[in-house]
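Be aware that the sequence shown starts at 0, since it is given in numbering that gives the first Met the number 0, and climbs by one per residue.
Keep in mind that the hints were calculated from the coordinates and are not lab data. Quick reminder that beta carbons are idealized off the backbone N, C-alpha and C, glycines included. Hints may contain errors.
What the hints assert, rightly or not - Below, a list of computed lysine-lysine pairs in the DSBU-like style, where the Cα atoms sit at most 30 Å apart:
#, residue 1, residue 2
1, Lys131, Lys107
2, Lys267, Lys104
3, Lys151, Lys169
4, Lys254, Lys167
5, Lys139, Lys267
6, Lys126, Lys107
7, Lys131, Lys147
8, Lys169, Lys104
9, Lys254, Lys107
10, Lys108, Lys151
What the hints assert, rightly or not - Simulated DEER-style distance windows between Cβ atoms:
#, residue 1, residue 2, range
11, Ser192, Thr114, 50 to 58 Å
12, Ala234, Ile57, 50 to 58 Å
13, Gln184, Lys76, 38 to 46 Å
14, Ile109, Arg135, 25 to 33 Å
15, Glu119, Thr240, 57 to 65 Å
16, Gly154, Ala234, 41 to 49 Å
17, Glu119, Pro226, 51 to 59 Å
18, Thr114, Ala234, 41 to 49 Å
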Amino acid sequence: MMIKSSSIAKILRHCSVFRSIQRFESSTTTSFPPESPASPITQQLPLIVSRQIEYPHIRYPPLQAWLETLGQKRDEKLGLVDLHPSIWQTSPRLDILYENVEWQKTYKKIDWAYTPPHHEYPNMRTKPWPQKGTGRARHKSRFGPQWKGGYKVNGPKGPTSFFYVLPKEKRVEGLCTALTVKLHQNDVHIVDSLDLPTHQPTYLQELAEDRFWGPSILFVDDTDIMPHNIMFATAKTEGFTLMPVYGLNVHSMIKHTTLVLTIRALNKIEKKLLHALHSYDTQKDQPPAPDEP
């Protein structure tokens with residue numbers, strides 16, 4: 000039986016296509032094995048830490064920051080944390096920041112300068128020379144205000160205190176401004192706790208160097224009872240400071256390069272500041288009176 004050349008070409012072409020398909024299937028089965036039903040990639044994704052934010056902002060959504068850990072040197076992210084925009088996204092008022100720093104530097108200052116009045120100097124009735132016959136000017140005493148070492152007219156009568164209280168509205172706005180500036184400069188880090196695996200200062204120093212935290216770090220927790228390892232590690236390291244939430248202030252945040260907060264300290268800071276921002280004594284616009292029945 001005679002076969003045409005065109006049909007032979009079609010048969011050969013179909014055979015070559017079939018062989019190429021077989022080679023592609025064999026290569027794909029060997030290179031890409033089927034995924035297991037429980038893939039480990041989904042388990043390593045960071046989780047969002049759910050936090051119930053009080054007084055949600057009517058315009059801006061919550062900000063998000065990474066949740067880190069101090070248990071290992073490797074910078075592993077544990078999840079994402081929501082931050083309230085009323086605290087972490089305020090308008091940077093540098094004048095309020097300056098007033099807070101000057102208030103903290105001044106309100107503890109006491110001027111101890113004291114100059115005794117003229118009646119406390121000795122020999123006030125003794126003249127330095129006779130009244131007449133010497134050609135000099137007449138003087139009553141060597142302790143007059145025109146003499147060196149004499150008494151001063153209306154001189155300082157210490158101790159004098161420079162204590163004053165900055166208004167609560169400016170103190171709250173100063174804290175919010177400092178936290179906002181630190182966050183947008185990437186100098187705020189939130190950790191799960193302050194627990195360290197060792198009390199050696201070198202571990203904490205190497206951890207700060209690997210994560211580029213800066214030469215001075217302020218660690219803030221919700222209580223003044225800190226873990227023992229970080230207490231011993233920071234006691235021998237210059238520039239590392241431990242502070243509870245009730246001692247957090249503007250001057251300390253500006254003085255230190257990096258601010259490290261625990262998740263418990265973050266909750267307490269936001270709770271206190273939100274309560275102060277929405278309380279009646281700090282609100283500029285009072286709520287309207289209820290309608291009479």
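- Message: Hint check: lysine 131 vs lysine 107, CA-CA at most 30 Å. Holds or violated?
- Response: 54 Å, violated
- Holds or violated: lysine 254 to lysine 167, with C-alpha atoms at most 30 Å apart: 22 Å, holds
- Message: Tell me if the beta carbons of threonine 114 and alanine 234 are separated by a distance inside 41 to 49 Å.
- Response: At 44 Å between Cβs, range holds.
- Does lysine 104 lie within 30 Å of lysine 267 when you go C-alpha to C-alpha? Holds. Lysine 267 to lysine 104 sits at ~26 Å (cutoff 30 Å).
- Task: May I ask you to test the hint 50 to 58 Å on the CB atoms belonging to alanine 234 and isoleucine 57?
- Result: 46 Å, violated
- Holds or violated: lysine 139 to lysine 267, with C-alpha atoms at most 30 Å apart: 69 Å, violated
- Starting from lysine 126, check that the Cα of lysine 107 is at most 30 Å away, please. 44 Å, violated
- Determine whether the Cβ-Cβ distance between glycine 154 and alanine 234 falls within the hinted range of 41 to 49 Å. Given a distance of about 45 Å, which is inside 41 to 49 Å, the answer is holds.
- Look at the Cβ atoms of isoleucine 109 and arginine 135 and judge whether their distance stays inside 25 to 33 Å. 43 Å, violated
- Message: Given a hint of 50 to 58 Å, does the C-beta separation of serine 192 and threonine 114 actually sit inside it?
- Response: 56 Å, holds
- Query: That 51 to 59 Å hint for glutamate 119 and proline 226 (C-beta), does it hold up?
  - Reply: Since the Cβ atoms of glutamate 119 and proline 226 sit about 57 Å apart, the hinted range of 51 to 59 Å holds.
- Message: Can you confirm whether the C-alpha distance between lysine 151 and lysine 169 stays at or below 30 Å?
- Response: 40 Å, violated
Hint violations for this structure: numbers 1, 3, 5, 6, 12, 13, 14 and 15, all remaining hints satisfied.
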